[in-house]
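Build the full structure now, drawing on both the sequences and the hints.
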Amino acid sequence: MLKNNFTLNTLDISWVLLMIITSANAFVAETAEPSLAITAIICCSIAYKGRRIMDYFMELNHANETIQFFMRSYFHVLPALIFLSDLFSEELASLTTI
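All residue numbers for the sequence shown refer to UniProt numbering, where the first residue is 1 and numbers rise by one.
Do not take every clue at face value.
[Claimed, not checked] Pair ranges (Cβ atoms, derived):
hint: 1; residue 1: Ala63; residue 2: Ser35; range: 36 to 46 Å
hint: 2; residue 1: Ser35; residue 2: Leu78; range: 14 to 24 Å
hint: 3; residue 1: Leu84; residue 2: Thr7; range: 41 to 51 Å
hint: 4; residue 1: Leu92; residue 2: Asn9; range: 38 to 48 Å
hint: 5; residue 1: Ile38; residue 2: Ala93; range: 12 to 22 Å
hint: 6; residue 1: Ala93; residue 2: Leu8; range: 39 to 49 Å
hint: 7; residue 1: Leu8; residue 2: Ser94; range: 49 to 59 Å
hint: 8; residue 1: Pro34; residue 2: Ser94; range: 16 to 26 Å
hint: 9; residue 1: Glu91; residue 2: Glu59; range: 34 to 44 Å
hint: 10; residue 1: Phe69; residue 2: Ile20; range: 26 to 36 Å
hint: 11; residue 1: Ser35; residue 2: Thr66; range: 36 to 46 Å
hint: 12; residue 1: Asn61; residue 2: Val16; range: 33 to 43 Å
hint: 13; residue 1: Thr7; residue 2: Thr97; range: 54 to 64 Å
hint: 14; residue 1: Glu91; residue 2: Val16; range: 34 to 44 Å
Hints were generated in silico from the structure; no laboratory data involved.
From the three backbone atoms N, C-alpha and C, an ideal C-beta is built for every residue, glycine too.
Rendered as structure tokens:
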């Protein structure tokens, strides 16, 4: 008789969690009315997903501290810039209009 030894390790759980968050973000992006709250939630999920990818898939949690700092900064600065660009979208549009 065959036994199913199905166990989930940390990498599997991280992958499933990332897929759920990505699917939820896509659902929200397609159905919700645009607002700063939605943008903030999606930006937070981008930062969280980036950190999970960095720690579990890229295994940078064991890397040089300088590399960790710059990668963590990237995954926190990029969502902040996305949020700020949504917050000041009209001002940015007027600055870039010919």
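A quick look at each hint next to the structure:
no. : hint                         : result
1   : Ala63 with Ser35: 36 to 46 Å : holds, 37 Å
2   : Ser35 with Leu78: 14 to 24 Å : holds, 20 Å
3   : Leu84 with Thr7: 41 to 51 Å  : holds, 43 Å
4   : Leu92 with Asn9: 38 to 48 Å  : holds, 44 Å
5   : Ile38 with Ala93: 12 to 22 Å : holds, 19 Å
6   : Ala93 with Leu8: 39 to 49 Å  : holds, 46 Å
7   : Leu8 with Ser94: 49 to 59 Å  : holds, 50 Å
8   : Pro34 with Ser94: 16 to 26 Å : holds, 19 Å
9   : Glu91 with Glu59: 34 to 44 Å : holds, 40 Å
10  : Phe69 with Ile20: 26 to 36 Å : holds, 29 Å
11  : Ser35 with Thr66: 36 to 46 Å : holds, 37 Å
12  : Asn61 with Val16: 33 to 43 Å : violated, 20 Å
13  : Thr7 with Thr97: 54 to 64 Å  : holds, 57 Å
14  : Glu91 with Val16: 34 to 44 Å : holds, 40 Å
Hint violations for this structure: number 12 only, all remaining hints satisfied.
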